[in-house]
Amino acid sequence: MIFTSGFFTSAPVHTAMIIGGVAAVVSGVVGVFTVMRGESFAGHALADVSSAGGSASFLLGINPLLGFLGMAAIAAGGMELAGARLVRERDLVTGIAVGAGLGLAALLLYFDVTFTSTTGAAVTVMFGSMFSIPPDMIPLAVAVGLSALALSAVFYRPLLLVSLSPELAEVQGVRVRLTGLVHLLVLAFTVSLSAMTVGAILSTALLIGPAATALRLAKRPGHAIAIATLIGIGATWGGIFLAYDSFYWTPGHGWPVSFFIVSVIFVVYVIVAAVPERMWMRKNGAPIRAGFGTRTGSA
Amino acid sequence: MFSSFMINTWVVATLVAVVAGTVGFFVVLRGSSFAAHALPLGAFPGAAAADLLGINELIGLVVFSGLGAIGISQLSRKGPHDVATALCLVMLLGLGTLFLSMTTEYSQGVYALLFGEVLGISTSEIAPVAAMSAVAIAAVAVLFRPLLLSSISTELAEARGVSSRRMELCFLGILAFATSISVPVVGALLVFSLMIGPAAGARSLTDRPQWAIFLSVGIALITVWVSIALSYVLNWPVGFFVGSIGALSYGMGRALR
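Heads up: the sequence lines are chains P and H, in that order. Numbering of the first sequence is given in our numbering, commencing with residue 1 and proceeding in unit increments. Numbering of the second sequence is given in our numbering, commencing with residue 1 and proceeding in unit increments.
It is possible that some hints are incorrect.
[Claimed, not checked] Covered stretches of chain P (chain H as the covering partner; in silico rule of three or more C-beta atoms under 8 Å from a C-beta of chain H): (1) 29-43; (2) 106-113; (3) 208-216; (4) 268-275.
[Claimed, not checked] Partner residues are not named here, just some residues of chain H that face chain P (Cβ under 7 Å, in silico): (5) 74; (6) 78; (7) 97; (8) 131; (9) 236.
Derived from the structure by calculation, the hints contain no laboratory data. Positions of the beta carbon are idealized from the N, C-alpha and C atoms, including for glycine.
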């Protein structure tokens, strides 16, 4: 069944589409830099660690977005303080942060279940529940999204330079560490926002998938950002639509939104990756090479 | 703490720690924490799928972590390695949400698989875990030299005729296998802390690979034993202690260097 009745009039669908759209746009912009810098793991780690904040917010009864945001900012600061220059060491620091952060999340979720009898908190925090986002979340989400975009815009040139070549950036007088810290903070903002929509774990999909696909297709960073944003929005709204529709495929229960969003993103990346790069190059010139080749370790 | 129903827990946790300590040495050496994080997490939907089909959980875990290993190595031919890992992980988890939405009473099961449920191990679970641990350790022993060589320098390994691509797949395979054993015990999210923390601590105590492995296994054993004891006394989740002690041993390792 296509265009199930009520899709455009349902309030939960509206909220999901607005917040999902904001998350997709911000993830698209920030994701391009994240993939170029080879920081996919950091992006995923911040999402995971922020889930501890989400669990804490259940316990404290505060706005979940503030919980996610606070924890992600703390983790970003900590990872930058541990200041690892070597790629392998950075990988390790990130890993340790994830382990400790998730351990904390486990403890807080346990308290949630014990003290407030919030059953299913584990599932909500990890996988998100897009159709149950309260509408009054919209202003806060938009504000967080806009500030992440504003920071990215202000630091656009230095960030790009540092992402492509740290040495060149240093020569040009860019403060490499400061730029790195700003990017991690913006990443924390972004990830908290999408952790609210698709869940802590699956926010990685919105951050990495569209950006990695776009970087294969575009030859200019600006184009890559535009393509990543479009793919992100397409996947999110398409996923919401399919999930809404799925209530009629299997009577009585719908399929999860996250599943559809992730599937669309994954399939698009696999298809684009399967086409030899030469074909894109013939049409568009050489794609942006950064990130491709700067591997985070050998395995 | 050592009553009959806890014996299974101690035995299985010890096996898991030995395997995690051994494999963790290579995870740290190769800088592949992300893969070590992604495979256990991506394996956990396998348990949900097995539950749905009514087959043994271990089979589901092995199949899904195997899918993850193959997916990562295939996709990383086409693009950056970390992107391949991230996307395989989220796809497997996406399937996980789908399976979870199909079973109704699984909320508590998710918590156990993610964060571990060490008190619920039955005697019949010990034999398969022991067998799989032995296989994982044997695989590491057989591949020790080429794996070490390719972890330290891919160029040198290639010059000696060791294919880094094949070694990578072997390594991911071992990682996937080791993961499937540990997930039901310490939980998907924290199998990973058990692989990273102890090995990272051991690395800074010695430069010799064999010693580093022994130390890594030793620290992993201490981590798991202390965690279970604390968890038993305080009734807090094991994962919290494993994660904290892992971070502690990394921090101490860095302070020592």
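Structure-based check of each hint:
no.: 1; hint: 29-43; result: holds (count 6)
no.: 2; hint: 106-113; result: holds (count 5)
no.: 3; hint: 208-216; result: holds (count 4)
no.: 4; hint: 268-275; result: holds (count 4)
no.: 5; hint: 74; result: 9 Å, violated
no.: 6; hint: 78; result: 4 Å, holds
no.: 7; hint: 97; result: 4 Å, holds
no.: 8; hint: 131; result: 26 Å, violated
no.: 9; hint: 236; result: 6 Å, holds
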